[in-house]
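Trainee: In case you want the letters, here they are:
Number of protein chains: 2
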Amino acid sequence: MTNALRLGIAGLGTVGVGVVRILRKQAKLLEARTGRRIEIIAVSARDADKDRGVTLSGYDWETDPVALARRDDIDVFVELMGGSEGAAKAATEAALSTGKHVVTANKALLALHGQALAEQAEAAGLSIRYEAAVAGGIPVIKSLAEGLAGNEITRVMGVMNGTCNYILTRMEATGQGYNALFEEADKLGFLEADPNLDVGGIDASHKLAILASIAFGTKVNFAGVEIEGIQRVTLEDIRQAADMGYRIKLLGVAQRSPRGLVQRMQPCLVPANSPLGQLEGGTNMVVIEGDAVEQIVLRGPGAGEGPTASAVLGDICDLARGCRMPVFGQPAVTLADATPAQTGLPAPYYLRMSLLDKPGALAKIAAILGEAGVSIDRMRQYSHSETTAPVLIVTHKTTPAALEHALEAMAVTDVVASEPVALRIEQI
Amino acid sequence: MTNALRLGIAGLGTVGVGVVRILRKQAKLLEARTGRRIEIIAVSARDADKDRGVTLSGYDWETDPVALARRDDIDVFVELMGGSEGAAKAATEAALSTGKHVVTANKALLALHGQALAEQAEAAGLSIRYEAAVAGGIPVIKSLAEGLAGNEITRVMGVMNGTCNYILTRMEATGQGYNALFEEADKLGFLEADPNLDVGGIDASHKLAILASIAFGTKVNFAGVEIEGIQRVTLEDIRQAADMGYRIKLLGVAQRSPRGLVQRMQPCLVPANSPLGQLEGGTNMVVIEGDAVEQIVLRGPGAGEGPTASAVLGDICDLARGCRMPVFGQPAVTLADATPAQTGLPAPYYLRMSLLDKPGALAKIAAILGEAGVSIDRMRQYSHSETTAPVLIVTHKTTPAALEHALEAMAVTDVVASEPVALRIEQI
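Residue numbers (UniProt numbering), protein chains in the order written: chain A, 1 to 428; chain B, 1 to 428.
Since the hints were made in silico from the structure, they are not lab data. Be aware that a few hints might be false.
No copy is singled out in the list; a pair is fine if it fits within one copy or between any two copies.
To be verified - DSBU-like cross-link-like pairs, simulated, lysine-lysine; straight-line CA separation at most 30 Å:
hint, residue 1, residue 2
1, 187, 397
2, 187, 50
3, 397, 89
4, 219, 25
5, 358, 28
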């Protein structure tokens with residue numbers, strides 16, 4: 001155990017530079033904690049000449065990450081390039097096929113190819129570790145797969161895209177609309193090159209699919225996530241929700257139902273005074289519920305050089321200490337198929353609509369809800385200007401199917417001025 | 001790796017029964033996750049005939065926990081008896097001297113004898129794991145020692161005694177005083193046999209000393225914790241603090257200072273809108289700050305059968321999977337002495353006092369603070385009845401020494417009606 005752990009690092013963007021910086025600055029501390037020197041042997045990135053603010057001269061430079069992954073003088077391939085296909089995938093496969101463990105921050109790669117990669121790794125007795133892929137600096141993979149290994153997990157949920165949470169909390173704080181805050185986030189550099197990864201909920205859904213696999217012992221199934229982004233969240237709904245004691249969050253929820261696995265990523269209402277409701281700005285939060293532990297809440301920075309590098313280092317230290325785990329918490333070949341539940345679990349809903357100023361309009365809506373089996377918990381009609389009246393309804397627990405049925409019936413009445421907004425209220 | 005992991009469990013109180021229950025109920029899940037069967041070989045408790053609501057007939061019964069620990073047919077000794085001396089200590093030592101790993105929930109044992117036990121274990125190549133000893137179901141030991149191993153930890157703090165937090169939050173909610181809520185907690189069975197362990201801050205300080213050792217690479221030093229319990233917290237201060245935007249919590253803080261290690265357990269003010277400020281009832285919270293990760297907040301149940309058993313099971317699963325760690329995150333023989341800082345780090349303070357109704361009384365207090373170098377951030381004098389006037393002061397950051405100096409000077413004036421209350425405001 002006194003031989004060094006030798007790393008090859010592919011990708012020297014923000015996270016890669018952060019990892020190199022910690023390995024240089026904390027070399028003694030890391031050796032004290034793991035009992036081994038941790039050495040960078042070689043690195044790889046697109047531009048060898050760029051000044052990254054950190055000394056790289058002691059390391060071999062590889063232009064091709066696949067060549068880096070294949071080197072026989074490294075023990076661990078650290079993949080920090082990103083992207084689910086191309087170089088990241090090829091290099092990860094090359095590392096596994098030549099006997100290296102892999103540490104990665106790549107959520108897209110794992111969400112789309114996690115099962116195949118895990119099978120390849122485990123067949124060769126190798127580890128893939130990816131703490132940095134989910135919720136930045138929060139040790140959520142470790143907590144779920146190791147700390148809570150004695151639990152049958154009942155629900156995992158979280159706010160796992162800082163940019164979306166930034167936009168939503170700034171909408172409430174500033175009174176500006178979605179488009180203005182999207183532009184602000186863009187100017188601040190908070191958005192991915194393809195912003196739909198953020199605001200469309202894709203990035204957060206990659207993370208949710210990974211957590212669901214560990215939590216429920218199922219093959220990671222990104223295609224099974226029902227995804228809705230934040231693009232249609234309006235200032236009006238944020239304000240009305242606040243008025244009723246809720247906040248709107250882009251919330252990912254994974255849960256087993258009698259009919260299969262539920263994986264949803266969508267704007268939801270959560271109680272304003274709950275930990276999720278109180279989450280501001282770019283911070284992430286994951287809530288894990290298990291039959292023994294009840295509920296654990298983990299909160300921390302979801303991105304950034306230091307926090308993400310911290311997560312990568314945690315994985316590297318585990319490998320240096322000799323801890324080996326199945327990639328998704330149990331051997332990949334034993335994971336079950338994640339059959340998506342065709343219908344979601346019941347929940348209360350928030351409904352907002354504009355009714356035309358006609359006699360009996362509200363009665364008609366109430367009747368439609370009643371016929372669909374949707375019962376009303378609270379209702380508010382606001383004083384109306386001109387020809388339409390805004391109405392807010394919070395329902396009791398209802399099935400998504402019953403709600404859908406009611407919304408369809410409303411659409412063909414002559415009293416609704418525009419398509420009603422319906423948002424799930426997640427009970428915490 | 002296909003041989004079973006064989007357990008001997010000493011102590012069948014709430015936690016012990018919870019552990020047995022999970023091992024029986026989740027046997028298949030645990031085997032899938034760890035790759036090994038986990039078997040209870042023998043148990044030990046005071047009363048063999050008591051009905052504990054769980055079947056024990058398949059296990060050998062030992063009346064003496066030391067004899068259980070010495071059995072050569074177990075791999076792991078699970079110590080759930082509690083108490084820093086006597087049987088728990090003797091049995092733990094016996095387990096280590098006969099080649100067994102130890103899993104324990106015993107914070108007192110580790111806080112007082114952790115260094116010697118860790119040295120004994122590590123010399124024999126054995127592990128001692130104790131996730132359940134700190135903050136119940138929250139995987140805080142794992143997060144700190146493994147997940148955040150790449151960080152230089154800068155501060156660890158937390159609310160780690162649910163009973164104290166219950167009493168303090170109930171005082172605010174009900175308007176009842178400390179004594180009434182102490183009695184309520186007693187009736188609900190929330191108090192240890194020696195209630196001073198809870199309300200005197202001892203139990204929480206055991207936990208803080210353990211966290212500080214891992215965080216700062218120092219020998220666990222319970223004697224070095226400055227401890228003040230919640231017995232002197234008044235309803236008046238809870239209300240005034242709330243009025244200024246704060247809540248009073250029994251907060252443990254460990255931090256390195258230029259003069260040594262600071263370990264404090266004392267009632268502190270924290271911002272009411274911070275995660276710590278919002279923590280209600282028996283829930284625990286630990287905040288970990290590191291140079292890379294910035295700040296992680298972990299929240300969950302601090303006690304109870306399920307949550308504590310969940311933590312014990314996490315440790316057992318790690319041992320089953322073959323993960324081995326130094327007890328306090330780095331080899332015990334390399335841990336530094338935890339020299340207590342003789343003086344605390346600067347902080348703002350909350351001061352409440354009653355001034356006698358004399359001309360110039362407030363001016364005298366302001367002058368004393370100024371002379372001691374303590375500057376005032378906010379001050380309120382309330383309209384006074386009869387002969388005394390209540391005064392509240394929030395200071396700017398000041399050293400505990402300067403504040404002490406000012407308080408001593410106030411005591412010898414003729415304007416202060418009773419000893420001023422001074423509470424630290426912890427900045428988060």
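Trainee: State for each hint whether it applies.
Mentor: Consistency of the hints with the structure:
1. 187 / 397: Neither, since 41 Å and 36 Å both go past 30 Å.
2. 187 / 50: Intra 23 Å, inter 68 Å, cutoff 30 Å: intra-copy only.
3. 397 / 89: Classified as neither; 43 Å inside a copy, 52 Å across copies.
4. 219 / 25: between (38 Å within a copy, 24 Å between copies)
5. 358 / 28: Close neither inside one copy (76 Å) nor across copies (62 Å); limit 30 Å.
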